[in-house]
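> Read off the chains here:
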Amino acid sequence: MSLLSAEGLHLSYGDLKVLDGVSLAVDPGEIVTLVGPNGSGKSSLVKALTGVVTPDRGRVFRKPGLRLGYVPQKLALDPSLPITVSRFLNLPRRRDPKRVEKVMEDTGIAGLGDRQLAALSGGQTQRALLARALLGEPELLILDEPTTGLDQPGEAAFYRQIETLREEMGLAIFMVSHDLHVVMAASDRVICLNHHVCCEGTPHVVRDAPEYRALFGEGTRGALALYQHHHDHDHDHAHGHDDKEAHHG
Amino acid sequence: MVDDFLVRAAFAGIGIAVAVGPLGSFVVWRRMAYFGDATAHASILGVALALVFSVPVTIGTLAVALGMGLVVSWLVTRGHAMDATLGVLSHSALAAGLVAVSFVSGARVDLNAFLFGDILAVGWDDLAVIWGGAALVSALILWRWSALLTSTLSEDLAVASGIDPRRERLILTLALAVVVAVALKVVGALLIAAMLIIPASAARGLSRSPEAMAIWAVLIGAVSAVAGLGLSFGFDTPAGPSIVVAAAVIFAGVSVLRRA
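The listed protein sequences correspond, in order, to chains A and B.
My numbering applies: residue 1 is where the first sequence begins, and numbers increase by one.
My numbering applies: residue 1 is where the second sequence begins, and numbers increase by one.
Keep in mind the hints are simulated off the structure, nothing from the lab.
It cannot be assumed that every hint is accurate.
Covered by chain B, per the in silico footprint, the following chain A stretches (three or more residues, Cβ under 8 Å) [what the hints assert, rightly or not]:
| id | stretch |
| --- | --- |
| 1 | 44 to 54 |
| 2 | 71 to 79 |
Derived, one-sided and incomplete: chain A residues facing chain B with beta-carbon distance under 7 Å [said to hold, decoys possible]:
| id | residue |
| --- | --- |
| 3 | Leu68 |
| 4 | Pro82 |
| 5 | Ile83 |
| 6 | Arg87 |
Per label pair, the in silico range of CB-to-CB distance [what the hints assert, rightly or not]:
| id | chain 1 | residue 1 | chain 2 | residue 2 | range |
| --- | --- | --- | --- | --- | --- |
| 7 | B | Leu70 | A | Val60 | 22 to 30 Å |
| 8 | A | Arg99 | B | Phe53 | 55 to 63 Å |
| 9 | B | Val55 | A | Ala110 | 55 to 63 Å |
Where is the CB? At the ideal position from N, CA and C, for every residue including glycine.
Construct all of the structure, not just a fragment, from the sequences and the given hints.
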């Protein structure tokens, strides 16, 4: 059974058609990446999946009792609101302090608990958002362009962390990116969106799909080939995947 | 019994401080100052309607403030160009209220008391209303604290955590209406919004956590109320403005000390 699926989502803002019959599903333990050009409806789709916006037509199905973790593009923190990192991690529910410490270590923000959230760097803020999402023990983690505002090494490190987390915790990941190179390598499945799903499949399949080429051009091929190599190394994810699924119930 | 009415006045001021501290913090964090203005100004219309229908003034102001709050909150979620619309609503409600009050009962109503507050005339029954309102608002905010805070930080994060931000916004609107209704007697319609914003803003400089900011806002509000009361009693100045001046002095003091 899918953790989360969408059927025929339609969404318009006034005359602007943002989503036009989008259907998709995320299964336990898999990494699904949503790619698409700017303004293709990626963020709107995420908002529909998390429940922030209600689609005009179509439905979103969640596995009953699904634990969902969400990492937004960025956190618009009003400077008038003083809050430390630990307080933030304990919202809306108090967490076991030992687990908080462990997750902070895992996400690379150990020792920053007493810092003001506003005083963190962009990368640290994204890690804090990730840590907070993980503390809810999600079965599915949704990340909306989580590396916006990070430099390239920071971005690569962030995605490595995500992959490690998937291996350790066996959670499913649905992430959005307009940055094809880094993301596609780590994915089991790529969905290419331009208001509707124009192609879908393994990174290889999507890379070779004419619809994808039409959207992104031939120019990215070199970069993709580079990361493709990396992907082949990690391919045993797909095999390990079944065990995790069973283990996770 | 000179002391008696002073004691009542002091308790009234402290009651208001308890109610506005945490709520005012949310008003500051969520940039809802316009919201406080609009609901507070509308309360004069509530006074007029209460006189027309012979219901207690508190009930009239509560109803109108709540109505205004709901309208404003609905408009905000529709995301139109809000600035002018809110100004129109807020000032029309105030003006209509002033006109209506003058029609209703001529010279018998002391309009100044509603505009600027009349803390020295607070009776035991007023005190019961004020503390009842303060207790209700505190209970509401304490009950919803984590959910309110989460949806203030990010509505998207709140939704993903299973919180409905619309519901939390409604709770703040309700709390705001109650505060307006009970604070009218003490600081007056024109300056209720000031009591929401100034103590909380002064508290920001002293706080490292949301909880600390809410508590500091209560303390600063209480000190302002007592100091303003002294000013009002000693120099026969209007109560509401005196309390707000005291809060403003504390705000300035905190700002200067933080820079030093």
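> Would you mind marking each hint as holding or not holding in the structure?
Going through the hints against the structure:
no. : hint                             : in the structure
1   : 44 to 54                         : holds (count 4)
2   : 71 to 79                         : holds (count 5)
3   : Leu68                            : holds (6 Å)
4   : Pro82                            : holds (5 Å)
5   : Ile83                            : holds (6 Å)
6   : Arg87                            : holds (6 Å)
7   : B/Leu70 <-> A/Val60: 22 to 30 Å  : holds (29 Å)
8   : A/Arg99 <-> B/Phe53: 55 to 63 Å  : holds (57 Å)
9   : B/Val55 <-> A/Ala110: 55 to 63 Å : holds (60 Å)
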